[in-house]
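The numbers in the sequence shown follow my numbering, run straight up by one, and end at 85.
Any given hint could turn out to be false.
Claimed, not checked - Label pairs and their computed distance ranges (CB to CB): (1) Met(-6) to Thr83: 40 to 50 Å; (2) Ser75 to Glu26: 12 to 22 Å; (3) Glu68 to Leu15: 18 to 28 Å; (4) Asp38 to Met(-6): 35 to 45 Å; (5) Asp62 to Glu(-2): 38 to 48 Å; (6) Tyr79 to Asp57: 16 to 26 Å; (7) Tyr80 to Asp57: 22 to 32 Å; (8) Asn13 to Tyr80: 10 to 20 Å; (9) Glu(-2) to Glu72: 33 to 43 Å; (10) Leu23 to Glu68: 16 to 26 Å.
As the list claims (entries may be wrong) - No farther apart than 25 Å at their CA atoms in a straight line, the calculated lysine-lysine pairs in the BS3-like style are these: (11) Lys54 to Lys41; (12) Lys41 to Lys12; (13) Lys41 to Lys19; (14) Lys41 to Lys27.
It should be emphasised that the hints constitute simulated quantities derived from the structure, not laboratory data. We treat Cβ as the ideally placed atom computed from N, Cα and C, and that holds for glycine.
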Amino acid sequence: MTNDEIDALVGINNEDYDKNFLKAQKNGLLLTEKQVQTLERYNIDPGKCGSSSELLYMIDKALDGYDEDECADLEDIAETLSERRYYEETRN
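Given the sequences, and given the hints that come with them, work out the whole structure.
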């Protein structure tokens, strides 16, 4: 059985996998392609943020303009970034 056949059986789509893979951005932030696309949809440019704290601030500002139901994907990104930042800071 080939890898492609196994992926098809398991339901893995390489495009989806690539979109959910953490990649270092030019400014050093670790984001998935899907997260970047979501942030850009809310007019947040993660490339202009110098830190995860600044990105979280931008997300918080953007959340003020929407109802909770409208921006669950943006809240998920904020939660993920907050958790990652917590573990990075407590690791040292």
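Holds or violated: are the alpha carbons of lysine 41 and lysine 27 at most 25 Å from each other?
-> Holds, at roughly 17 Å.
Status of the given 22 to 32 Å range, CB of aspartate 57 versus CB of tyrosine 80 = holds, 27 Å
Regarding aspartate 38 and methionine -6, is the given constraint of 35 to 45 Å on their beta-carbon distance met?
-> Given a distance of about 44 Å, which is inside 35 to 45 Å, the answer is holds.
Do the Cβ positions of methionine -6 and threonine 83 conform to the proposed distance bound of 40 to 50 Å?
-> Between methionine -6 and threonine 83, where Cβ atoms are some 43 Å apart, the hint holds.
Is the hinted range of 38 to 48 Å satisfied by the C-beta distance from aspartate 62 to glutamate -2?
-> holds, 40 Å
Please test the hint of 16 to 26 Å on the beta carbon pair from tyrosine 79 and aspartate 57.
-> Given about 23 Å between the Cβ atoms, the range holds.
Does the hinted range 18 to 28 Å hold for glutamate 68 and leucine 15 at CB?
-> holds, 19 Å
Status of the given 16 to 26 Å range, CB of glutamate 68 versus CB of leucine 23 | holds, 19 Å
Range hint 10 to 20 Å: satisfied by the CB atoms of asparagine 13 and tyrosine 80?
-> For tyrosine 80 against asparagine 13, whose Cβ atoms are near 19 Å apart, the range 10 to 20 Å holds.
Could you grab the alpha-carbon distance between lysine 54 and lysine 41 and see if it respects the 25 Å cut-off?
-> Answer holds: lysine 54 to lysine 41 is near 15 Å, not above 25 Å.
Lysine 41 and lysine 12: Cα distance at most 25 Å?
-> Holds - the C-alpha atoms of lysine 12 and lysine 41 are around 21 Å apart, at most 25 Å.
Cβ-Cβ distance between glutamate -2 and glutamate 72: within 33 to 43 Å?
-> Holds, at about 36 Å.
This entry satisfies every hint, going by the numbered hints stated previously.
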